[in-house]
Amino acid sequence: MITVINQILIFKTNIQTLADKEQIQHCLNNHDAVDQWNIDQQDIDCVLRVISNSVTPEQIISLITNHGFECAELE
Amino acid sequence: MLVEDGFQGFSMNRLTKACGISVATLYIYYKDKDDLIQKIGVEIGTKFFYETLKDFSPTMSFKDGLKKQWENRSRFAIKFPNEVACFEIIRHSTHGDYILQESLKDFKTAMGDFFKNAINKKELVPVSLEVFWSVAYGPLYALLRFHSEGKSLGGKSFTLTKKMMDESFELVIKALTP
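Residue numbers (our numbering), protein chains in the order written: chain A, 1 to 75; chain B, 1 to 178.
None of these hints come from the bench; they were simulated from the model.
Some hints could be false.
Only pairs whose alpha carbons sit at most 30 Å apart, straight line, appear in this in silico BS3-like list of lysine-lysine [what the hints assert, rightly or not]:
1. K17(B) to K47(B)
2. K21(A) to K33(B)
3. K17(B) to K21(A)
4. K47(B) to K12(A)
5. K122(B) to K21(A)
Starting from the given sequences, assemble the full structure and let the hints guide the process.
Written out as structure tokens, the structure is:
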């Protein structure tokens, strides 16, 4: 059995509203390297969580900031 | 934190600060606040139902079976008061249905069978499940609540003893047996 170990990337964003989320959901849904993602909009940091085995944090940051939002990786 | 501050006061951010862990660490394990609450609820529920069914069988005589239920339930409530309080909060929230579905299946079957067997064997007066539950466990939970608050009526200091449990249990048996 081959187990692919996915990494979980965690970012602090300002994607606060449903309308904000709609702006970025298309490109995350259709991103080949992104297996799963969600944003905890109940949290003060609007934490974006991405599961992928190949995407880099920088790629996600540039994708989100290109839509006009803030995005920084949480350590 | 859930017990002290309720749902609104509880946040992933506050939790990480209280635990001294990073936000990122918490989000590796849980998708979001709802996911965390559901997982905690299912975990406590599974543990509670497992403890409650210990050394219990639906084919036991009514008195022995109910006695075992009293022992198991009170042991759990006294040993894990925070878990019980937390579970109660989650159970009465929008996540209630989900966690009961996930953790309750075997428990429901065992308790349902015990109830039906007792009526069939004529060891229990034929009453509805709700009436049975209220009479069978109401006194136990009332005593456990006094115990967990450390006080009873009018703020009188209170500690639950085995003698009180036995007395209440005998009264319950008297009420429920034909």
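Hint-by-hint comparison with the structure:
no.	hint	in the structure
1	K17(B) to K47(B)	27 Å, holds
2	K21(A) to K33(B)	17 Å, holds
3	K17(B) to K21(A)	27 Å, holds
4	K47(B) to K12(A)	34 Å, violated
5	K122(B) to K21(A)	61 Å, violated
Hint check: violations occur at hints 4, 5; the rest are consistent with the structure.
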